[in-house]
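In the order they appear, the protein sequences are chains D and X.
Under my numbering, residue 171 is the last one in the first sequence; the count climbs by one each step, no gaps.
Under my numbering, residue 1626 is the last one in the second sequence; the count climbs by one each step, no gaps.
Hints in this document: simulated from the structure, not taken from any laboratory.
Glycine residues also receive a C-beta, built at the ideal position from the N, C-alpha and C atoms.
Watch out, some of these pointers could steer you wrong.
[Claimed, not checked] Residues on chain X that point at chain D, a partial pick, calculated with CB under 8 Å:
id, residue
1, Pro1033
2, Phe1155
3, Leu1315
4, Leu1317
5, Gly1323
6, Val1377
Below are the chains, spelled out letter by letter.
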Amino acid sequence: MNRNAWMPLFVFVILLGIAGARLGQPEPPLPSALEGKPLPAFSLPLLAGEGRLTPDTLKGRPAILNVFGSWCAACVAEHPIWAEVGKRVDVYGVAWLDEPAKTRAWLAERGNPYKAVGVDKDSRFALDMGVAGAPESYLISPEGRIVAKVPGPVTETVWKETLLPALEAMK
Amino acid sequence: MIAEAGHFALILAAVLALVQAAAPGLAHLFRRPGIAGLTGFAAAGQAVAMACAMAALIHAFAVSDFSVRVVFENSHTAKPMLYKVAAAWGHHEGSLLLWAALLSAFGGVTALWNQGLPGGMRLRVLAVQGLVSCGVLAFLELTSNPFDRLSPAPFEGRGLNPLLQDPGLAVHPPLLYVGTVGVSVAFAFAVAALWSGRIGPGWARAVRAWTLIAWIFLTAGIALGSAWAYAELGWGGWWFWDPVENSALMPWLTATALLHAVRGVERRGGAEGWVVLLAILGFGFSLLGMFLVRSGVLTSVHAFAADPLRGVFILALFGLIEGGALALFAVRGHRLSGRIAFAPFSRDGALLLNTVLLIVATGVVLFGTVYPLLAEVLGIGRISVGAPFFDATVLPLLSPLIALMAIGPLMRPGRDSPRRLLRPAGIVGGVGLLAAAASAAWGGWAAAGFGLAAAVAAGTVLLLWRSRRSLTRRGLGMAVAHLGVAVAIAGMTGGSQLADEAIARLPVGGSLVLGGRSFTLAEVRAVPGPNYIATRARVTGPGGLALTPETRRYENPPQTTTEAAIASTPLGDTYAVIGEGGPDGAVLRMFSKPLLPWLWASSVLMCMGGGIALFARLPRLRRRER
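One chain only, chain D, in its complex shape (with noise of 0.2 Å):
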């Protein structure tokens, strides 16, 4: 037997000791460079006609600001949780890249869970938030400062254990 020969073995181990450590942390969340700032600027067309929405609407409040799009599938499946989280605080949507008429379709189908729905057709307000794919949330403080941002679909466990918890805080 020679003894060497077990030191690649020896090697490979401790390296994948190492990286199964790794997989067994949590991700640490990447800080997203927008959190705890304010809102950029934005003024979009309401879906419902007349008037604006801007960072001034939500001000007041604490809110949630959803990106969506009628084009997006897995906003269809993460609709229906905005109901139940309308009970708790002010729903915002923004319909990015989309065209209003279908947009009201969509809603009419599914329910309107948003006490408003910024038009965002040309994106301007998804570059300047960074948005990199819709579904993606924002909730909002009353001061207008954005606490936190979920890339994805809000789901039961996102917003019992992310979401909720941060909107208690504030209150």
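Please arrange chain X on chain D, whose structure you already have, making use of the hints.
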């Protein structure tokens, strides 16, 4: 429907892989040699089934079938056809399917191409390949099914990352995959050798041929990836020591070492254990790369979306395949090594020393790549190890290796004397020192780089001159590849040490000075593209030079990319990028990169050298078969 057929083909392939892995063992167990005959059929069938699965996925992308989840997530109707097809492997599931399909294809070719091996060895090689396939296909089927459907089907897809819309990048992953998967064949040979306890005739030849094939594709894939980063990322750099780049470099370094070490075994035996270990490590680095890219442990431009279950699965797969092979090596490796039949001071000795240096360099790259993981596990914090570490550690290691590469081939195989070597070493060293002295004005690194490049070139030319009457195709292949290395070192040195850079915010009509030449921003205008809007600038320079760098704004998904404009001459590149800008001006950034095009030429030389050496092999193999 076609997607379901693809899924079915995938499952069929997994079953065939299982048959391929188990048949030789079962034949032995039940004393029915007939069962072993299934192995080859299973391997060939698996290759065909996987080709069908891949074709089904490409079809789904070509016709934009958004009811297939990965198509919806990664494609868009407004994309040119080339990128629709390339999007089939531009994401985790599809690229893994391609990886597995190539693995099966290599298995199929191993089964069909006799290679002059004894039957027992062939069966063992195929069984090992079947086992590896089993693992990868189970991973694909259980965690990353590319044929998942969406209901209801969306009307439009989300689009592919626009950064990936580049013809070079459409072919870069497949080429690289052929390389990283190709080293699995040498791995299977190594495990088969450990299993049978001896290295039979034809083994070294076959390992060399397969490694050479993988090496050529690895070289081409890495070169294309660098060329893409150079042209597309707009930083004027071509290598960033990114963990994922490193995970392609490590198999390349190991395959290079294997290629050279197996030459010794083929010629006169000795160091078989080392060759087997290199073959096992080579595929290990391929698997490590797969783990790093797909488990989400690293943040990188190359990383695919993370899913913890996938990470655990790949780690287990990696542990079983690589750990199993290394354990087998630990128990049986010593049985393989024959008597070393050459003196330390000989061509074979130099070759062996260089393979050790290559593996040490690989180890350093490995350390730098996984150190951030280690730091996180130990709670030291989030650390990223970058170019300064690698430049300071890998380059000094590579210098003696390259010096040895200049002189080693001039030594006699078996045994040589320092006295005999004095004259050729004097010539090579003299040319190197002359080049170093001539370029000393640009600094120490430039002197070292050009000196080494000249020494390797001189050594290779001297070798060609000496063997001009007895030049074999294999010798020619080696010389061409070594010349490629010399050209590459010159290109890298020129492109980094002699480079110049200038940046300025210019109004239209304004100019900046780069390395004594003046460039003028002549015009900035908006140009619509097929699925983006470009801001294109026209920059004019001395000698009628005109460059048109662009920034492109894509809509789906919304993203901005830079398209550098590069004017190449054999003496160097002039590279221009624009930042934000409008009709009246823009931020213009320019680089001069002397000799950098040599780097791309060198990869062509290396691949050509490999090809010449490879085709020198094939006819002889066939003769042996008869």
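How the hints compare with the structure:
Checking Pro1033(X) against chain D: minimum C-beta separation of about 33 Å lies over 8 Å; hint violated. This hint holds: Phe1155(X) has a C-beta 6 Å from the nearest C-beta of chain D, less than the 8 Å allowed. At a threshold of 8 Å, the smallest CB-CB gap from Leu1315(X) to chain D is about 6 Å, leaving the interface hint in force. Nearest Cβ of chain D to the Cβ of Leu1317(X): about 11 Å, over the 8 Å cut. The hint is violated.
Because the closest C-beta pair between Gly1323(X) and chain D is about 6 Å apart, less than 8 Å, the hint holds. This hint holds: Val1377(X) has a C-beta 4 Å from the nearest C-beta of chain D, less than the 8 Å allowed.
Violated hints, in rising order: 1 and 4; the structure is consistent with all others.
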